[in-house]
Every structure is written in C-alpha cells, then in structure tokens.
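Chemist: For reference, the chains in residue letters:
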Amino acid sequence: MNFDKELDAKGLNCPLPILRAKKALADMTSGQVLRIMATDPGSVKDFAAFAKQTGNELLSTAEKGKEYEFFIKRK
Amino acid sequence: MNMPADNAALDALIRQRLDEILPQKLEEIRAAKTPSMTIIATKGTLDWAYPPFILGSTAAALGWNVSIFCTFYGLNLLKKDISDLKVSPLGNPGMPMKMPFGPDWFKSLNWNIPNLIQAGIPGFESVATMLMKQTIKNNGVADISELRSLCVEAGVEMIGCQMTVDLFGFTRDDFIPEVKEYCGAATFLPMAQQADVSLYM
Chain Y
4 MNFDKELDAK GLNCPLPILR AKKALADMTS GQVLRIMATD PGSVKDFAAF
54 AKQTGNELLS TAEKGKEYEF FIKRK
Chain A
9 MNMPADNAAL DALIRQRLDE ILPQKLEEIR AAKTPSMTII ATKGTLDWAY
59 PPFILGSTAA ALGWNVSIFC TFYGLNLLKK DISDLKVSPL GNPGMPMKMP
109 FGPDWFKSLN WNIPNLIQAG IPGFESVATM LMKQTIKNNG VADISELRSL
159 CVEAGVEMIG CQMTVDLFGF TRDDFIPEVK EYCGAATFLP MAQQADVSLY
209 M
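These protein sequence lines are chains Y and A, in that order.
Heads up: take any position in the first sequence, counting from 1, add 3, and you land on our numbering.
Heads up: take any position in the second sequence, counting from 1, add 8, and you land on our numbering.
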C-alpha cells in the first residue's frame, strides 16, 4: 500500500504509539496515509479505537510475526 | 391543518414522531460534543504518577478536553523536576519485586522481602525505584517526565489545589509554569459535573 509518512513505534508501549501517531497525523494533510509499525500487542485494539474516535480511517491492520502494521488515512 | 380529534390521539402522534426523530437528534448532539475528562490525582509516587498522565495524554490524543486536578501528594506531579519521584514496595504486597536484568531464570524470581527487613535497610526505596525505572525502560514505557510533557503539549490542563499547596508549605514557584490555575473544590466540582468521565486516582 502507498503511504506518505512512516512511524516506527516498535519497542514502544501504551500509550506512546498512539501519542506518536497523533503527532505524526497532525503534520499531515487530509487524505494522506500514515504507515505505523508497532510491537505492542495492545496497539491492535488501541489503533482501532483511536481511528473510530478521531475519525481518521484505519485502512488496514496486519500482523507480521511479532510486529503489527497499520495504515491510517488522515481525516 | 387536520388536527386529531382528541388529546390521546395527539399524544400518540407526538410519541411516534419523537421515537422517529429523537435517536437521530441525540446522536447528532453526541457527535457534535467534544468529550471531556477530569481527573483528581492524589498520589505522589512514581507508580501512581503514571495513571493520570497516561489517561490524560491518551484522552487528549483522542481529541478530548482534559483537566488534571492535583491535590495532596498529587501536587508532587506538578513539581518542576519529577525525575526524583520514588516508589516503595514497603507495605505494598501488590508490587512484584523482580530484577530487570540478568538471565531469564533470575528475572523471573520474585524477591519476597519481609516488610521489617525492607524498613531496616537504608536506601531500600532508592534501590527499588532504580529497579522500577530500569523495568520501565526495558518495556518501552514512557519516562514520567516525558509523559507529563506530552500531556502539557497536548493541552491537558494542570490544576493545583490551593489548599494543599498552602498545607504542605509549597510555593507556586515550586511548580511548572504550565499549571493553568490554583483553585479549590468549588471550582473543580462544576468542571467534574460537566465532564463525561471523572476519575479519582
């Protein structure tokens, strides 16, 4: 999937991946896509809730071994 | 206009229309409102510094308005330097005592040290704090000063309880300049009344 910005949140724990993602999205423009890599298993549910609450669209979630990949489209 | 003949029929019509219109209207009102949270932070140890700052920063990231009212020992969370916050396993049977380094078998040991011994060893608290900070680091959990900065940056409002500032002999100069206001219970309660979420920690 194409993306405009990447965030490496590997090794970070709750709530840092969400806070960093929020910050990254703030620097982007509407419609741009952010790719996030994380290792916190709790981030799967947290990013879904974050997207739902903030209106940014969670395009996909994938588990790659012990890593998680998220694509979020800026509102 | 063709009015129903009696009030009962009118009532039934109104009720039917309300059922149709109200859910959508309520949803519109809910969606238009910015959620808000107020937290009362009363603890001043390293472990208890985390919950208010984790929830505060996360709620701000979700777009909520957040206020943290720091009172009693919670005032320690507003001090300019919070890198010296401590944690104590003394009298805290809920706190696991594990080593953050060494081989796995060593790390999995739970050091069940009796209170009497903990209390008698000088510097025990400092060692426990050091070990917890290492554990925090190992697990990719935010440093507490960093987490507070993230809260402030995200617009979380820090509020100091004036009565306890005086009670403990603090001055406003002891605290970060970002503290929005110093006030009392009568200011906090109406804020909490309007908030969607209000937590005591």
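Just so you know, not all the hints are guaranteed correct.
[Claimed, not checked] Listing some non-contacts, in silico: residues in chain Y with all C-beta distances to chain A over 10 Å:
| id | residue |
| --- | --- |
| 1 | Gly14 |
| 2 | Leu15 |
| 3 | Arg77 |
[What the hints assert, rightly or not] Simulated restraints on C-beta separations:
| id | chain 1 | residue 1 | chain 2 | residue 2 | range |
| --- | --- | --- | --- | --- | --- |
| 4 | A | Pro111 | Y | Lys26 | 46 to 56 Å |
| 5 | A | Ile121 | Y | Thr32 | 47 to 57 Å |
| 6 | Y | Asp11 | A | Met138 | 26 to 36 Å |
| 7 | Y | Lys78 | A | Ile129 | 48 to 58 Å |
Rather than coming from a laboratory, the hints here were simulated on the basis of the structure.
The C-beta atom is built at its ideal place from N, Cα and C for all residues, glycine as well.
Chemist: Hint by hint, note whether the structure agrees.
Modeler: Going down the list of hints, with the structure as the test:
1. Gly14: violated, 5 Å
2. Leu15: Contrary to the label, Leu15 (chain Y) does not stay out of reach of chain A, its closest Cβ about 5 Å off (not over 10 Å).
3. Arg77: holds, 14 Å
4. A:Pro111 <-> Y:Lys26: 46 to 56 Å: violated, 38 Å
5. A:Ile121 <-> Y:Thr32: 47 to 57 Å: holds, 56 Å
6. Y:Asp11 <-> A:Met138: 26 to 36 Å: holds, 28 Å
7. Y:Lys78 <-> A:Ile129: 48 to 58 Å: Taking Cβ atoms as reference, Lys78 (chain Y) and Ile129 (chain A) lie about 55 Å apart, which means the hint holds.
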